[in-house]
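J.: Residue-level listing of the chains:
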Amino acid sequence: MTLTQPSTDAGPVLHELPTAPSAHRVVGRDGARADAPLKVTGKAVYTTDVVRPGMLHAKVLRSPHAHARIVSIDAARARTVPGVTAVLTQDDVRHLNPYGTFVKDQPVVAIDHVRYVGDVVAAVAAVDERTALAALDLIEVVYEVLPHVTELDEALDPAGVEIWPEAPVGMVPDYGQGASGELRTQHNVSYTFRYTTGSPDVWDQCDHIFEDTFTFSRMNHMHLEPFVAVAEATDDAIEIWSSTQSPFPLRKELAWTFGLPENRIRVQTMLLGGGFGAKNGLKADPVAVRLSQLSGGRPVRYAMTTEEVFLTVSQHAARLVYRTGVMADGTFVARRARVLLNGGAYTELSPLVCEKAGYRTPGAYRWQHIDSQASVVTTNTVPAGAFRGFGGTQATWASERQLDLIAERLGIDPFDLRMKNLKELGEEFVPGEAPIDSDLREGLRLVADEIGYPDRVQVPGRGMGVCIGIKDGGGVNKPAQARVKVSTKGDVFLSSGLTEMGQGSQSALCQIVAEVLGCAPGRVAFARIDTDNTPFDQGTNASSGIAVMGQAVQQAAEKVRREVLSWAGGQLDLDPGSLALRDWVVVGPDGAEHPLAPLVMGTFGGTGFEFTADGFFKSGNSHLAPLEAPCVFWEIGWAAAEVEVDPETGKVTVLQLVVSGDAGKVINKLGCRGQDEGAAVFGLGQSLFEELRYDGDRPVNAEALDYRVPLAEDLPERFWSLTQEQGHGAGPFGAKGMGEGTMLPVAPVIAQAIADAVGAQLTDLPMSPERVFRALHPRIESS
Amino acid sequence: MNETTIDFRLNGTPTEVTVPTNRLLADLLREDLRCHGVRSSCERGVCGACTVLVDDLPVASCSTFAFDVDGASVETVEGLAAADGSLSPQQQAFAECGGFQCGFCTSGMLMLTTGLLRQNPCPKRADIRSWISSNTCRCTGYEMILESVERAAELGDGGAR
Chain A
1 MTLTQPSTDA
11 GPVLHELPTA
21 PSAHRVVGRD
31 GARADAPLKV
41 TGKAVYTTDV
51 VRPGMLHAKV
61 LRSPHAHARI
71 VSIDAARART
81 VPGVTAVLTQ
91 DDVRHLNPYG
101 TFVKDQPVVA
111 IDHVRYVGDV
121 VAAVAAVDER
131 TALAALDLIE
141 VVYEVLPHVT
151 ELDEALDPAG
161 VEIWPEAPVG
171 MVPDYGQGAS
181 GELRTQHNVS
191 YTFRYTTGSP
201 DVWDQCDHIF
211 EDTFTFSRMN
221 HMHLEPFVAV
231 AEATDDAIEI
241 WSSTQSPFPL
251 RKELAWTFGL
261 PENRIRVQTM
271 LLGGGFGAKN
281 GLKADPVAVR
291 LSQLSGGRPV
301 RYAMTTEEVF
311 LTVSQHAARL
321 VYRTGVMADG
331 TFVARRARVL
341 LNGGAYTELS
351 PLVCEKAGYR
361 TPGAYRWQHI
371 DSQASVVTTN
381 TVPAGAFRGF
391 GGTQATWASE
401 RQLDLIAERL
411 GIDPFDLRMK
421 NLKELGEEFV
431 PGEAPIDSDL
441 REGLRLVADE
451 IGYPDRVQVP
461 GRGMGVCIGI
471 KDGGGVNKPA
481 QARVKVSTKG
491 DVFLSSGLTE
501 MGQGSQSALC
511 QIVAEVLGCA
521 PGRVAFARID
531 TDNTPFDQGT
541 NASSGIAVMG
551 QAVQQAAEKV
561 RREVLSWAGG
571 QLDLDPGSLA
581 LRDWVVVGPD
591 GAEHPLAPLV
601 MGTFGGTGFE
611 FTADGFFKSG
621 NSHLAPLEAP
631 CVFWEIGWAA
641 AEVEVDPETG
651 KVTVLQLVVS
661 GDAGKVINKL
671 GCRGQDEGAA
681 VFGLGQSLFE
691 ELRYDGDRPV
701 NAEALDYRVP
711 LAEDLPERFW
721 SLTQEQGHGA
731 GPFGAKGMGE
741 GTMLPVAPVI
751 AQAIADAVGA
761 QLTDLPMSPE
771 RVFRALHPRI
781 ESS
Chain B
1001 MNETTIDFRL
1011 NGTPTEVTVP
1021 TNRLLADLLR
1031 EDLRCHGVRS
1041 SCERGVCGAC
1051 TVLVDDLPVA
1061 SCSTFAFDVD
1071 GASVETVEGL
1081 AAADGSLSPQ
1091 QQAFAECGGF
1101 QCGFCTSGML
1111 MLTTGLLRQN
1121 PCPKRADIRS
1131 WISSNTCRCT
1141 GYEMILESVE
1151 RAAELGDGGA
1161 R
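Protein sequence lines, in the order shown, are assigned to chains A and B. Under this note's numbering, the very last position in the first sequence is 783; numbers go up by exactly one each time. Under this note's numbering, the very last position in the second sequence is 1161; numbers go up by exactly one each time.
Just so you know, the hints here were simulated from the structure itself, not pulled from any lab data. Cβ coordinates follow ideal geometry from the N, Cα and C atoms, glycine included.
Between beta-carbon pairs, the in silico distance windows are:
no., chain 1, residue 1, chain 2, residue 2, range
1, B, 1021, A, 647, 53 to 59 Å
2, B, 1002, A, 261, 49 to 55 Å
3, A, 696, B, 1068, 36 to 42 Å
4, A, 76, B, 1068, 39 to 45 Å
5, B, 1086, A, 128, 35 to 41 Å
6, A, 51, B, 1154, 37 to 43 Å
Between the sequences and the hints, there should be enough to build the whole structure, so can you do that?
T.: See below:
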């Protein structure tokens, strides 16, 4: 190892970023959300409330085995139960295509094999759930139990069981500079993502190279509204009401699975009772559709119980091995990451989560060389899919944790080590990628100051930490389309595929329209989502609502505004460029007001007219960008915490926790704050206790009573958030996306505070009293 | 199937229904009496989304038999707003302070708040925290709900009937 300083000849690539004027306040910024009246009166309608005439109810039979061959299914007795209209087993789905976003491997119900405890084996439609359940009891399934694998190492053992001997049917997304992906790279590995940049020669220049291993636990989304769908389907057409974050991808998947053109499938989406990533892809849908087909097209409702939700999708547990090379002064040089994600039995959204878990290896810091590889391991456990943070939570846990370990080894304060290595505002994340659009140091100082980190006095058993997490936001290659219509009297419709699952984006998008059209936000209504009429959208995910969809919405509103003013200019014989639009009144250059309603009716008659325009946005494609398009914005989460650790029990009490996100520009204050605090509490649960646990081949706490989520009593004594408005976002008026960022730094910041308090460096989640105790008393464990 | 006839007050209105003896209160309210604001989630009496007031006390309607409310006064979120549609102080406070996101826990949180304010019109933060810890909200991180309850107390009529 040489002592030469790393070359800084090239220096970081910096971009100038626009800054939105801080004085500008978007209309409705400080007001309540538009959905408040419906939600506080109980009038909000969710998919669980959908009732159709003659509606039947579905229930399913699930596998008791982690891995087995289905020898036979005898459903004859179930079919004779009065009130049962259809029984669905493997023989009713063999002609259908298996589904999955990248790899098509999940059948509507299990065919020949079951692959995890909870896999769907059969389903019944009946006049009510009770009858359906009674019929399920009469289905006899004979299994030949097969060996199973639930842990990463046993799954990777080439001598062990292979869950999918068949070649995968699937695709790999296009990648640009430095990135690649591959299906089925080895035994029980469904996908591997690789990314490299910079020369590996710099390893030789490092003064120190450290390698550490981190493990990440698996949580359930625990959205309060379960997976639910109501389907009316024949062999020719499907109409479905689904609690989905992504109505158009759902339509596409149903078209694939059931072999129908997309124009014979209509998806309608109501308000969602939470999603957090879980409600992407098919969930309750295919069973409801197939049972409806088998019941003569009668509507079938399949609402899962919470127990079933646990058996449907989860977060990815992970093991991350990070090797990091640094100079003696703490300057970061090179990082190599090897990441294994537990993907469960079906591929689900794992390839994309895997891509992000690998791609986000650099964290918020500057490197000369990155070598990252992430793989999804197939196991006989519940399939893992999209989950708030989406690979970024896993990457941040390892990245921030290892930084603290290195700080300790080098004798540098972790805060100083971060400040030294953070990227600049405007610096490329990696070559060809979008520049960082927040001042990272400013945010770190902000949260550090909030809890009093700079002036902290060491108190025995107490410690503090300050961390940062970063993820590319807005989705990869994601187009957005929206339509704005204004009727005769100035009633505005906004039509977009963005689903409302609690984040408040529908309300915020209405504000954006109101801002452009110069009207009160209350004049703008968000049209109901129906894939037959709503403009196409790839789904509500990746914190894309404001920064991506918002741009299409803003453009549509601007086009309508221009259309209206141009038309009014013609009517009034005035230059449209000299006109302003306010409260559906055209204001002339002399200040004269021309109400639009009479003007419209004067031309189009009393039945009136509707001005309409569409907006479109997509980040430009580029092979220089590793993921084929630079991301639209960077979602940053800063956090600072103070904890107290009881060395006798290992119990950690969080005394204060502050989180901060950068909204770029606040569209709605309550909305931004709610997203930051909600995401932080997801992180808090994961830090301290929340985990879907397996004992051998089966989950042991997959139901509401045993699965502990954070409650109000679990909040730190002091818990607050600060929404920054740094103004550099690419979205409307300088806005960025929100909703995931502040989840990222919470587990690492609590870990750092624990280390600061008692010297125990934890590398596994959750940081239960038992783990903390063992870290404090290693000899007790070994004795 | 055994059935029984029960008399109770639903949001102040005398109500008589004949129900199977194993009918759950949540199902009676949602399916037979059109109180869709009562949300069903865990169905194990854990999450509290289905919380209603029975004689002023919050109960999980998913874990209460319908026959159990015979003679009682049952209140749901549908009964909070005034007849002219104006919001109660609790509802106003949750709207104003952003004490909801997806809204699925909101009906339950509002009934919990109503029950609390009837017992204790000026609760301290610790009381609120402990009281609402019976219910799960997966979206907000609770702080904005705590503030909503404080604000409701401030606007308050003590959760008046």
